[in-house]
Structure formats: structure tokens, C-alpha cells
Amino acid sequence: MSFWFTVMRQVGRNLRQTWGSQLMTLLTVSLSVLIFAFFSLIYTNMINFGEKLGDDLSLIVYLEEEPGPELQQQLINKITTFDEVEKVRFISRAEAYERFARQLGENRDVLDDMPKDFLPPSIEVVPLKNLRSLNQVKLFSAYLSRLPGTLKVQYGQDWVERFYHFTRLLSIIVLLSGTLLILTTIFMVAYTIRLTILGRQAELELLKLVGATNNYIRTPFLLEGLLQGIVGSSLGIVSLYALFQWIKLRFSGPGFLNVFEFSFFSPAVSLSIVCVSILLCTLGSYSTMQKFLRI
Amino acid sequence: MVELIKVSKEYPPDVVALKDISLSIGVGEMFFVIGMSGAGKTTLLKLLCSMEMPSGGLIEISGKPIAQLRGYHLARLRQKIGVAYQDFKLLTDRTTAENIAISMEVSYKKPAIIKKRVRDLLDQLGLADKHDTITGELSRGEQQRVTLARAVANSPTMILVDEPTGNLDAITTERVMNLLNKCNKAGATIVIATHDDSIYRHTSHRVMELRRGRLQAISGGLP
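For the record, the sequence lines run as chains A and B.
All the letters of the first sequence, read from the start, carry residue numbers 800 to 1094 under our numbering.
All the letters of the second sequence, read from the start, carry residue numbers 34 to 256 under our numbering.
Quick caveat, the hints were computed from the structure, so don't treat them as lab data.
Do not take every clue at face value.
Label-pair restraints from in silico Cβ distances [as the list claims (entries may be wrong)]: (1) 159(B) to 826(A): 20 to 30 Å; (2) 146(B) to 998(A): 24 to 34 Å; (3) 49(B) to 1089(A): 32 to 42 Å; (4) 970(A) to 105(B): 25 to 35 Å; (5) 1089(A) to 146(B): 11 to 21 Å; (6) 986(A) to 101(B): 31 to 41 Å; (7) 104(B) to 801(A): 29 to 39 Å.
With a cut-off of at most 20 Å between alpha-carbon atoms, the simulated EDC-like pairs for lysine to aspartate or glutamate come out as follows [said to hold, decoys possible]: (8) 951(A) to 911(A); (9) 113(B) to 865(A); (10) 122(B) to 883(A); (11) 122(B) to 36(B); (12) 937(A) to 883(A); (13) 1007(A) to 85(B); (14) 97(B) to 85(B); (15) 1007(A) to 131(B); (16) 148(B) to 120(B); (17) 851(A) to 923(A); (18) 1007(A) to 126(B); (19) 937(A) to 916(A); (20) 1007(A) to 36(B); (21) 215(B) to 242(B); (22) 122(B) to 855(A); (23) 142(B) to 131(B); (24) 886(A) to 912(A); (25) 113(B) to 175(B).
Here a beta-carbon is modelled for each residue, glycine too, at the ideal position from N, C-alpha and C.
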């Protein structure tokens, strides 16, 4: 009889004998993976969304007067003194009027009675891609607002700030659920293996006396932890995928979710989550064996 | 096969179970250890199977000091020693066959061989109908025979038997002794601890008497 055949028989016997606690552990591991993966998925999508928004980020500097060519060059010099920018574009009063009228579309006739120069001239500044943190954007905005002749600087402050705080909150939740995943998997698996060891004390003692090697006694417990990790985490990821598909199907069509373009984890990320869970479960099993299995 | 040189075993706080036992048991010998309850018979067997370590002295089995054996080497030695414990050490929630098979499973014997050996032993010990019975439901005499079957199942080179006939009638005692004699003839060294004089009274093998942990006398044996 080969080593692995004997070990697998032992694992099967253990699972049959302690199926209740094994099931509880399996559900806990699955739930932990599900919670962690759920928040990670939202966080990853939010970060992707934020990056997409960041690509379109531009700061609008409203000016008191329309600058002449010389002043335009001076302003460009001043702006680039702060940092390199991707693009600086001057928008005259007339151009601003035209753009506004275009945006109004069919309702542009509301502008008929308005003078064509009622909108202030502005500079559209598109920062470089590396200028992405909220603080940097704030600093740049403050710098621009101090330029001579500036009325106001706009970049959708409120929205950007809210989004930034939301992603920060999400990152904390991901961190917490990650900690929860680590703690629950390690402790629950360790606790189950401990119960199994205590319940089989007499058998383990006998195995030792009839000449079972350390590997013969320990490997089934390690495999139990490994199995908990494989089945538990796979179940968690598959449940999340099912949930994701259901939400996508349920909320498809024009709406909020279409703006966000939600996407699931790549196979590599899913596999990484499963692998880390397996590692944690095996670690939990190993630590208990070191503590309670005296061979 | 077995060498004991000035072996002592003390249990805290100050119980002397064995004191300065020196002894040699040859390969293929059948050796009886006798003495009253508390004489140290069980302790001696526990030391021989490395279930416990001596407080002093040296024990060698096949030339290897067993106190120095660890891990894999200790496990291999234990596979070669079959022990029938006085308290049986049976898994009372498993069947008779499973209990006997355990000693062969640890040395990775093929399932077909295990099955055949288990049936064979049960036949020899008059337990053929108890193959699938949970050992917790067996009588003490039957449990004792299952323990013996487990001890000899893996064809060990040394068999240690603690009070093998304590719960048995005369016929079953004869069956048990026949099995042990058969193993002995096949080359196994047998050490039997007993206070049942019916099994060693007319023996030609050596008999060692222990009294209060000390070697009192060794008698018998072919010159």
C-alpha cells in the first residue's frame, strides 16, 4: 500500500468522523474569502474608474480679461514653472460661448438675448498623468488661483474629493476584510484540526506505538488544512462570480453600473486569492500540529 | 537481539520500578518474565518497546541503543516490535479487522495481503466470526486476542506480550500459546510477561523472575 493511498484513506476517515466541524470551517473560510474578495473587487473597480476619470482630469482657470499673445506666453511660462503639463489651451469668450451653446443643443435659443461675451475667458490645463493624488491637484489648483488675473479655478473639487475619500474608505475595508480573512482561516482551521487531534488522541498514540512515521501521522492533518483552503476559497470565489454575474444581468441596460464598467478579477488574481487562502489554511493546520501533536 | 545493562526506571517522586537489570535475550528466543503484580514486568516491556525511556543504564536492540533513536529510525524499530499491551490499547470504535490491520498499514502492506493476514489470524485465534465486530462490543478475552493478533500481524522480529492469558480459558490459552510458538518457530524473539504459571511451568525456555523491580533469578533454558 503506497504512502499516499494510506494518507488519503486517513483523510477520508477524519473527514467522515468530524464532518460537522469540517463543514463549519469550510463555510467560514468561504465566507471570509467572499467578503474579502467582494470588497477587493469593488475597490479594484473603483481604482480603475478613478484612473479613467484621472485621464480626463483638467483644471479650468477663469480669467478676468482675455489675454493677449504676450500675456498668454507669460501665463504658460508661469504654469509650467509649477510642473510640466500635458496641455494648456486658451479659450476666448467667443469660444466659451460657442461651446456652451453646443452643450445646450436644441435649447441654445435661450442664449439669443445674451451678449456673446458674457462668459469669462479661461485656460484649460491638463496636468501630466503622474499628477494624480488629491493633494497634488489641490496644490496645483491653489498655485493657478494665485496667477495674476485669475478669477477662479475649477476641477470638480467636491466630486474628486468625495471620490478620493470613498476609495480611501474602501481601501480600509479591504484591509480589514483581509485581516478578517487571515484571522478566520488560520484560527478556524487550527481549531478544527485541534478538535480532530484531541478526538483522535488514542489512535494517534497507538499509531506512534505501532511504528507510524511522523509523516504518516502529520500528512493527513496537513492535507485536511489544504483541502479546506482549496474547497473553501474556490467556493468563495465562485459564489462571488455568481453574484457578480447576477448583478450584471439584473442591472444591465442604461444606468449607474454601465457608467462604471464593472469587471471581475482576472484569472491570475482569482488564482492568487485561492493560493493565499490555501497557504493560510495549511499554515493554520501546521501551527496546530506543532502545538498539539506530540510525536 | 536485546541487551540490557544496569537498566533502572524510576517514577517521580521516588518509585523504583526497575533497578539495575542486566540481561541478554538472543535472536529467536522465547523468554518469560514472571513476578507478582508491581514487580516491574510491564515496565520492562515498556522499556523494550521504547514506549518509555530508562532512568539509567543502556538498552540495545539489534546493536542499536534505543534511547538515541528518533523520528524515522524509531518508527522503523517500532514496526519490527509487536506489542500486546496489558490494557489492550484497542480503538474501541473500530472493527476487529481494522484494529489488526493498523500495524500493517503503517508499513504500507498491500490491502490484499492485509486482508488475508487478518482473516488468517482471526481463524487461528478463534475469532473468525468477529471480523466486522466493533472491538468495544467484544468480551475482554476476545479483546485480548485481538491485541495479540495486532502484535503479530506485521510479522515483527520481536514480540512483547503482557499477560497474554489473563482473561482466557484453558482452550483459548492453548490457542494463544500455539500462535506465539508458531511465531517463535518462524524466527521471532518472544518476551512474555506473566504471572500465569500454567504457561511457563513445563517450559524449556528461560524464565526470569522479578521482585520489587530487581532481578531475582533466571532459570531454565537449554544448556
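Consistency of the hints with the structure:
1. Distance hint check for residue 159(B) and residue 826(A): the Cβ-Cβ separation is about 49 Å, which falls outside the suggested range of 20 to 30 Å.
2. Checked against the hint of 24 to 34 Å, the pair residue 146(B) and residue 998(A) passes, with Cβ atoms roughly 30 Å apart.
3. Taking 32 to 42 Å as the suggested C-beta distance range, the pair residue 49(B) and residue 1089(A) conforms, at roughly 36 Å.
4. The hint said 25 to 35 Å for the Cβ distance between residue 970(A) and residue 105(B), and at roughly 49 Å that hint is violated.
5. A beta carbon spacing of about 35 Å between residue 1089(A) and residue 146(B) contradicts the range 11 to 21 Å that was offered as a hint.
6. Judged by the Cβ atoms, the range 31 to 41 Å given for residue 986(A) and residue 101(B) holds: they are separated by roughly 38 Å.
7. In this structure, residue 104(B) and residue 801(A) break the distance hint of 29 to 39 Å, their C-beta atoms being roughly 21 Å apart.
8. Restraint check for residue 951(A) and residue 911(A): not satisfied, since their Cα atoms lie roughly 26 Å apart, outside the 20 Å limit.
9. This hinted pair does not check out: residue 113(B) and residue 865(A) have alpha carbons roughly 101 Å apart, beyond 20 Å.
10. For a cut-off of 20 Å, the pair hint linking residue 122(B) to residue 883(A) is broken: about 82 Å separates their Cα positions.
11. For a cut-off of 20 Å, the pair hint linking residue 122(B) to residue 36(B) is broken: about 27 Å separates their Cα positions.
12. Note on residue 937(A) and residue 883(A): the hinted pairing holds, with a Cα-Cα distance of about 16 Å set against a maximum of 20 Å.
13. A C-alpha spacing of about 12 Å is found between residue 1007(A) and residue 85(B), which places the hinted pair at or below 20 Å, so the restraint holds.
14. A distance of roughly 16 Å separates the Cα atoms of residue 97(B) and residue 85(B); the hinted pair therefore holds under the 20 Å criterion.
15. Proximity of residue 1007(A) to residue 131(B) is assessed by CA-CA distance (about 16 Å); at most 20 Å being required, the pair is judged to hold.
16. Under the criterion of a C-alpha separation no larger than 20 Å, the hint pairing residue 148(B) with residue 120(B) is inconsistent with the structure, at around 25 Å.
17. For the hint linking residue 851(A) to residue 923(A), the alpha-carbon distance of about 19 Å falls within 20 Å, and the restraint holds.
18. In summary, the hint linking residue 1007(A) to residue 126(B) is supported, as the alpha carbons are separated by about 18 Å, within the 20 Å threshold.
19. As the CA atoms of residue 937(A) and residue 916(A) are separated by approximately 30 Å, the hinted pair breaks the 20 Å bound.
20. Distance hint between residue 1007(A) and residue 36(B) is unfulfilled; the C-alpha atoms sit about 23 Å from each other, more than 20 Å.
21. Using a Cα cut-off of 20 Å, the hinted pair residue 215(B) and residue 242(B) is violated, with the two alpha carbons roughly 24 Å apart.
22. Among the hinted pairs, residue 122(B) with residue 855(A) is inconsistent with the structure: their alpha-carbon atoms are about 76 Å apart, more than 20 Å.
23. A threshold of 20 Å between alpha carbons decides the hint, and for residue 142(B) with residue 131(B) the separation of about 14 Å falls inside it, so the pair holds.
24. At most 20 Å may separate the alpha-carbon atoms for a hinted pair to count; residue 886(A) and residue 912(A) exceed this at roughly 34 Å.
25. Using a Cα cut-off of 20 Å, the hinted pair residue 113(B) and residue 175(B) is violated, with the two alpha carbons roughly 24 Å apart.
Hint compliance for this structure: hints 1, 4, 5, 7, 8, 9, 10, 11, 16, 19, 20, 21, 22, 24 and 25 are not met, and every other hint is.
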